[in-house]
Amino acid sequence: MPDLTSQKIPVTVLTGYLGAGKTTLLNRILSENHGKKYAVIVNEFGEIGIDNDLIIGADEEVFEMNNGCVCCTVRGDLVRILEGLMKRKGKFDAIIVETTGLADPAPVAQTFFVDEDVQKNARLDAVVTVADAKWLSHRLKDAPEAKNQIAFADVIVLNKTDLVSKAELNEVEARIRAINPYAKLHRTERCQVALSDVLERGAFDLDRILEIEPEFLDAGDDHDHDHHHGHGHGHDHDHGHSHGGLKHYHDEDMQSLSLRSDKPLDATKFMPWLQNLVASEGQKILRSKGILAFSDDDDRYVFQGVHMMLEGDHQRAWKVGEARESRLVFIGRELPEQAIRDGFERCITT
Amino acid sequence: MKEFDPGSNAASIISVTDRVRPVAIGMPVTSLYFLGDDAVFVGAEENVAIVNAAGEISRVAVHGGGILCAASDGARILMGGDDGKLVALDAKGEVTLLATDPKRRWIDNVAVHPDGAFAWSAGKTAFVRSGRAEEKSFDAPSTVGGLAFAPKGLRLAVAHYNGVSLWFPNMAAKPEVLEWAGSHLGVTFSPDNKFLVTAMHEPALHGWRLADIRHMRMTGYPGRVRSMSWSAGGKALATSGADTVIMWPFASKDGPMGKEPAMLAPLPARVSVVACHPKQDILAAGYSDGTILMVRLEDGAEILVRRRNGTAPVAALAWNSKGTQLAFAAEDGDAGLLEL
Chain A
262 MPDLTSQKIP VTVLTGYLGA GKTTLLNRIL SENHGKKYAV IVNEFGEIGI
312 DNDLIIGADE EVFEMNNGCV CCTVRGDLVR ILEGLMKRKG KFDAIIVETT
362 GLADPAPVAQ TFFVDEDVQK NARLDAVVTV ADAKWLSHRL KDAPEAKNQI
412 AFADVIVLNK TDLVSKAELN EVEARIRAIN PYAKLHRTER CQVALSDVLE
462 RGAFDLDRIL EIEPEFLDAG DDHDHDHHHG HGHGHDHDHG HSHGGLKHYH
512 DEDMQSLSLR SDKPLDATKF MPWLQNLVAS EGQKILRSKG ILAFSDDDDR
562 YVFQGVHMML EGDHQRAWKV GEARESRLVF IGRELPEQAI RDGFERCITT
Chain B
26 MKEFDPGSNA ASIISVTDRV RPVAIGMPVT SLYFLGDDAV FVGAEENVAI
76 VNAAGEISRV AVHGGGILCA ASDGARILMG GDDGKLVALD AKGEVTLLAT
126 DPKRRWIDNV AVHPDGAFAW SAGKTAFVRS GRAEEKSFDA PSTVGGLAFA
176 PKGLRLAVAH YNGVSLWFPN MAAKPEVLEW AGSHLGVTFS PDNKFLVTAM
226 HEPALHGWRL ADIRHMRMTG YPGRVRSMSW SAGGKALATS GADTVIMWPF
276 ASKDGPMGKE PAMLAPLPAR VSVVACHPKQ DILAAGYSDG TILMVRLEDG
326 AEILVRRRNG TAPVAALAWN SKGTQLAFAA EDGDAGLLEL
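Chains A and B, in that order, give the protein sequences.
Just so you know, our numbering puts the end of the first sequence at 611, numbered straight through with nothing missing.
Just so you know, our numbering puts the end of the second sequence at 365, numbered straight through with nothing missing.
Worth flagging that the hints you see were computed from the coordinates, not collected in a lab.
Source: prediction; values computed, not measured.
One should not assume that every hint holds.
Simulated pairs of lysine to any residue, SDA-like, Cα-Cα distance not exceeding 20 Å [unchecked claim]:
hint : chain 1 : residue 1 : chain 2 : residue 2
1    : A       : Lys-348   : B       : Ala-49
2    : B       : Lys-128   : A       : Glu-321
3    : A       : Lys-348   : A       : Gln-268
4    : A       : Lys-524   : A       : Val-581
Please put together the full structure from these sequences, using the hints given.
Below you can see the structure in the form of structure tokens.
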């Protein structure tokens, strides 16, 4: 698997609510001299000011799969476009898929899990969400799409920070963290973020899930502008409270949940539990990721999921002296927290 | 109507590998057609390679980018590209520009009618041009997944999400819609014009008996069906997508309804392409590991044409119209010709 993975073309999904600055970021990616060539799938032709024969217009067609799974949707147009692009392999290094401001990222992400041919040739690198510092807090209240885009993100570009005060910025960031404490967050003006922070992140790549590890931990503040509180959803307050100078919010319907155990898991219990969990609660679970230590297994096992779809594999051997700790995160709506915690506990060997 | 259960058996078989004349195409190949005695290998982008009877290879530029689709009536090959152009290549090797999409959209599908009419699609729109008549267009409810002309009359099947529209371009009537949930990506009429079959995005075929719109579900494939070929006389439909060639029976008025398909030439690899002989009950099958077999439909007897090389899947197979030559190409451009 690893050698095949390296040949797969990385795909970055670029989302963000209307007016947040997606096109600005896209234009930067296309015009900057980074020595890479990108094929770009855009939702609207003409917005991009650059002439490139590898810019393709998409139709945002969301298709249901006939597999009895209600949230199992894919982007039909994307399947077709990726198939066409694969004929020009070697003409570009990576693919960027721009979604409309109102799009749910799930069908795009699921396209890379469900379609056999897409999976063979391309891999989802990361979901990058551009958010408007001035308006995001409002959109999170009135636009479910905006909330989904934040919840789905591996990387969040919090843009237009020059249009808000420091207090407002902390406020919107706390709102984001209430939904998704695990994404990498970058504060920007006019999307001035290092492209290496946005592209080729490997956030979906199981081989590199390690990279998200710092975000798992409550590693303290002032680490590349990331004020994060990674201890998950352990409070029941619905009001903001001050916590180390940064307000702490809890979103009414979107939560994240992190689980950990320093005792090994029983694979024969864990796997069926996880599969049952996503099968029964998959509509509520937007994203899941995990690094697992099983008893009688010297390899780290990593998995990731979107709704009901899971993908997992042995990653590498645990290193000598490395703490064999299992960690999982779930981001979703109305997560049955106690049931998940209890279920997980039962998978821990005693 | 039925699921099939692929079994497995392997026997030692006759080989004709030493009679194959290898051809180095030198570029990835996606499809292949005969124009007279010339085998034309359609590349993944920009060029076709024409191999004449003497084995000489000549390249012809046809598109300014990826070649997304191709179809042939035996006299010419029509190709659509991501440059928004539809072109035709004739037996003399001359290229004619047939259409250019004004918005430079990709030409995703193309079909040719035996009387010279042709159809293509870009996004949701299907176009038809026939004889001197004006170009006609039809907007499908979603992106067109496949196009096929009916064997009789000027009637075009347009496959899309949740079904197929049957469109008479020269009639004012609204197209008839055959509904079936899901994404339909390939479409073909049976040669007797009685059945329509689509290859779906999920690993299944769907069929309709056109007289009464009875549904036929053909499932059980481990992978998506990308290649379909009607046997001589249209008695059966050979398909890729499993580790055997799956042949659905269409000889009776009920087609495959309630019947099991025949499963031929099992191998520990996925069938990637099938091509039935134009006159006899023989087919050629290419596999994901590079193997090519000729198979007698009657008893499943196999002849080895190309030994597996474990690398590139077989991408294309074609018989000449007389059925005296078989040409093949793997995805990496390694190709060959077999004289029978």
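How the hints compare with the structure:
{"no.": "1", "hint": "A:Lys-348 with B:Ala-49", "verdict": "19 Å, holds"}
{"no.": "2", "hint": "B:Lys-128 with A:Glu-321", "verdict": "18 Å, holds"}
{"no.": "3", "hint": "A:Lys-348 with A:Gln-268", "verdict": "15 Å, holds"}
{"no.": "4", "hint": "A:Lys-524 with A:Val-581", "verdict": "16 Å, holds"}
Checked against the numbered hints listed earlier, the structure breaks none of them; every hint is satisfied.
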